[in-house]
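Engineer: Using the working numbering, you'd call the opening residue of the sequence shown number 6 and step up by one each time.
Think of the hints as simulated: they come from the structure by calculation, not from any bench.
Take the hints with a grain of salt, since some may be wrong.
Claimed, not checked - Capping the alpha-carbon separation at 30 angstroms, the derived lysine-lysine pairs in DSSO-like fashion look like this: (1) Lys84 to Lys70; (2) Lys113 to Lys77; (3) Lys70 to Lys113; (4) Lys149 to Lys70; (5) Lys125 to Lys165; (6) Lys77 to Lys149; (7) Lys84 to Lys125; (8) Lys125 to Lys149; (9) Lys322 to Lys149; (10) Lys125 to Lys70; (11) Lys322 to Lys84.
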Amino acid sequence: MKRRATLCLALTTLTAVLSSCNTSEQARSVPEPRLQAAAITHPEWIRGIDVSEAQAAESKGVVFKDTTGVAKPALQIAKDHNYNWVRVRLMVDPNGEYALYQDLNYVKAVARDARSRGFKVLLDLHYSHWWADPGNQWTPQRWKGQDVTQLSQSVYTYTKDVMTQLRAQNTAPDMVQIGNEINGGMLWDLGRIGNMANFVKLTNAGAAAVRDASGGTSTMPPIMVHIAKNGNAAETVAWYRSFINAGGWVDVIGLSYYPMWHGDFNNLSETIRQLRSNFSWAKVYLAETAYYWDHNQMGYANLPYPQTPQGQHDFLKALTPVVRNAGGSGIFYWGAYWSQSSRWLIAPAWSDDDASRRSLFDDGGRATIGIDGLN
């Protein structure tokens, strides 16, 4: 009940639609019962793929091909290789540069495509016009100058509208990320992690909007809180403990894991084990991972597998049991469709295209054998 009381306190500065958390319907349930319900809804092992670039690439003339060389729709290739979830990011007023095409109309189209092929959907809300990651969490222009109460209301209104529009076309997401790699907070500067009260107020506004647009706590999708702090188990556990103790709403935990930044498999395994031990009610997913099918352009050395299609496949094949055996519940591959980017990527300040070396499709748009690594 302490978490429930703390969350209500964190939401009291919002408008009346948010401040009614002392009623039985709008009150936040303690995490354990929510996650039992979520576990029944999503019991399967997730083989996920981030498809955020796929539609943009196809619209600019990229033809994706299966491993056999047969051209197919981008998402159908993923379906044919046993992926069961897709992940798609949503930006606030993106301008189409730096691979950021994902406004609401774009995401609605992706959701329709995904649902028509039988996928479940993880919606990744960036709450920014720019890449949201540990070093970038910038407030979009439309919300600049607002105080934390106004910004919380903006997050709530925006999130509720997104969910309402997706539900109206029968593509409500099956899981929702409130922020992306929010180690340092989100919606800077007000939402920096150094001001935990502000940060939690903002994330909880998003979670409450998902709840209210979904008809209540019992029918809403799980809320994922995603960070990229995977190299140190104790620090990762401490981050979530601090967030939860401050009243932060989290149903499931999402981690980024890239071997060049986040340590070896032993570090990953220990991180997941400790998260499951400390927060047994929360499933743990790798919300992002990727590996090179071709030599990286950033000079990363000492990577655990060769930077070849076979090495990419073998990395993913080895990763799955590490995550499973530690108590994790699934993996999403990031940047899978980052192929032939000269056709669709407008990025004048980038001197390399390292992400294309981690795609699951080669420079000809043909799937690498790595696409079967998570099977």
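Engineer: Hints first: check each against the structure and report whether it holds.
Structural biologist: Verification of the hints:
no.	hint	in the structure
1	Lys84 to Lys70	holds (13 angstroms)
2	Lys113 to Lys77	holds (21 angstroms)
3	Lys70 to Lys113	holds (24 angstroms)
4	Lys149 to Lys70	violated (43 angstroms)
5	Lys125 to Lys165	holds (20 angstroms)
6	Lys77 to Lys149	violated (42 angstroms)
7	Lys84 to Lys125	holds (11 angstroms)
8	Lys125 to Lys149	violated (34 angstroms)
9	Lys322 to Lys149	violated (44 angstroms)
10	Lys125 to Lys70	holds (22 angstroms)
11	Lys322 to Lys84	holds (18 angstroms)
Against the hints set out earlier in the document, violations occur for numbers 4, 6, 8, 9.
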